[in-house]
Amino acid sequence: GAVVSQHPSRVICKSGTSVKIECRSLDFQATTMFWYRQFPKQSLMLMATSNEGSKATYEQGVEKDKFLINHASLTLSTLTVTSAHPEDSSFYICSAPSTGTGSDTQYFGPGTRLTVL
Amino acid sequence: GENVEQHPSTLSVQEGDSAVIKCTYSDSASNYFPWYKQELGKGPQLIIDIRSNVGEKKDQRIAVTLNKTAKHFSLHITETQPEDSAVYFCAAPLRWGLTFGSGTQLTVLP
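Chains A and B are the protein sequences, given in the same order. Heads up: the first sequence begins at 2 in my numbering, then just goes up one per residue. Heads up: the second sequence begins at 41 in my numbering, then just goes up one per residue.
There could be a bad hint or two in this list.
Claimed, not checked - Pairs of lysine-lysine residues, derived as DSSO-like cross-links and limited to a Cα-Cα distance of at most 27 Å, are as follows:
(1) A:Lys42 x B:Lys82
(2) B:Lys82 x A:Lys21
(3) A:Lys56 x A:Lys67
(4) B:Lys62 x A:Lys67
(5) B:Lys82 x A:Lys65
(6) B:Lys62 x A:Lys56
Claimed, not checked - Away from chain B, derived, C-beta distances all over 12 Å, residues of chain A:
(7) Lys15
(8) Tyr37
(9) Met48
(10) Glu60
(11) Lys65
(12) Leu69
(13) Asn71
(14) Ala73
(15) Leu75
(16) Thr83
(17) Glu88
(18) Ser90
(19) Ser99
(20) Asp105
Claimed, not checked - Some chain A residues close to chain B (C-beta under 7 Å, calculated; not the full set):
(21) Phe40
(22) Ser44
(23) Leu45
(24) Thr50
(25) Gln107
These are computed hints drawn from the structure, not numbers from a lab. What you are looking at is a predicted structure, and each value in this text was computed from that prediction instead of being measured. We put the CB at the ideal spot given by N, CA and C, even for glycine.
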């Protein structure tokens, strides 16, 4: 299957700082990528759809000014958590569709564990 | 939008026995149903998926069945092994991305 990587795998930051998470498709191009959030012992929740060359689409209840998404190339999407607070501590996971577009088979990255002190 | 319900939330089986996890969905237009396995601290791994033009798909010890009329689909794992222990999620498509079931913690007892 297609390979998706994330960096960093875990990050600890102080409250009020910003954190950037990278998501890369390693062996294919993706005009669309997706960002999910998973709290402990819960399911994955879609936060936003990252679109190469255009604005991201955010799910209801997700603050677009807090979670900045940039899809700068066909293999890279970044999620920046701005002014992070302890309630933002979570497991952030990205995915990309195997054909690179739309809602085809989704392959997930290994996730980034964010802890805000 | 689509809503997926999954049960049971926990399942314990003896090694070698079969495990079945069931999901129901709400949107009759949904046409793609993947299953993911997630180990602790890792991202979800796609293990099998099915599209609405077939009723069953099998890959070695894993199978998925789909009943479009009843709007439910199930994951079947046969001859379970300790390494099958993990959390399993079903999913269905949203307009963009996926919506996930609540997850099933499967424990295979040696």
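Here is what the structure says about each hint:
no. : hint              : verdict
1   : A:Lys42 x B:Lys82 : holds (13 Å)
2   : B:Lys82 x A:Lys21 : holds (19 Å)
3   : A:Lys56 x A:Lys67 : holds (15 Å)
4   : B:Lys62 x A:Lys67 : violated (36 Å)
5   : B:Lys82 x A:Lys65 : holds (26 Å)
6   : B:Lys62 x A:Lys56 : violated (37 Å)
7   : Lys15             : holds (23 Å)
8   : Tyr37             : violated (8 Å)
9   : Met48             : violated (9 Å)
10  : Glu60             : violated (8 Å)
11  : Lys65             : holds (15 Å)
12  : Leu69             : holds (18 Å)
13  : Asn71             : holds (17 Å)
14  : Ala73             : holds (19 Å)
15  : Leu75             : holds (17 Å)
16  : Thr83             : holds (22 Å)
17  : Glu88             : holds (21 Å)
18  : Ser90             : holds (14 Å)
19  : Ser99             : violated (9 Å)
20  : Asp105            : violated (8 Å)
21  : Phe40             : violated (12 Å)
22  : Ser44             : holds (5 Å)
23  : Leu45             : holds (5 Å)
24  : Thr50             : holds (4 Å)
25  : Gln107            : holds (6 Å)
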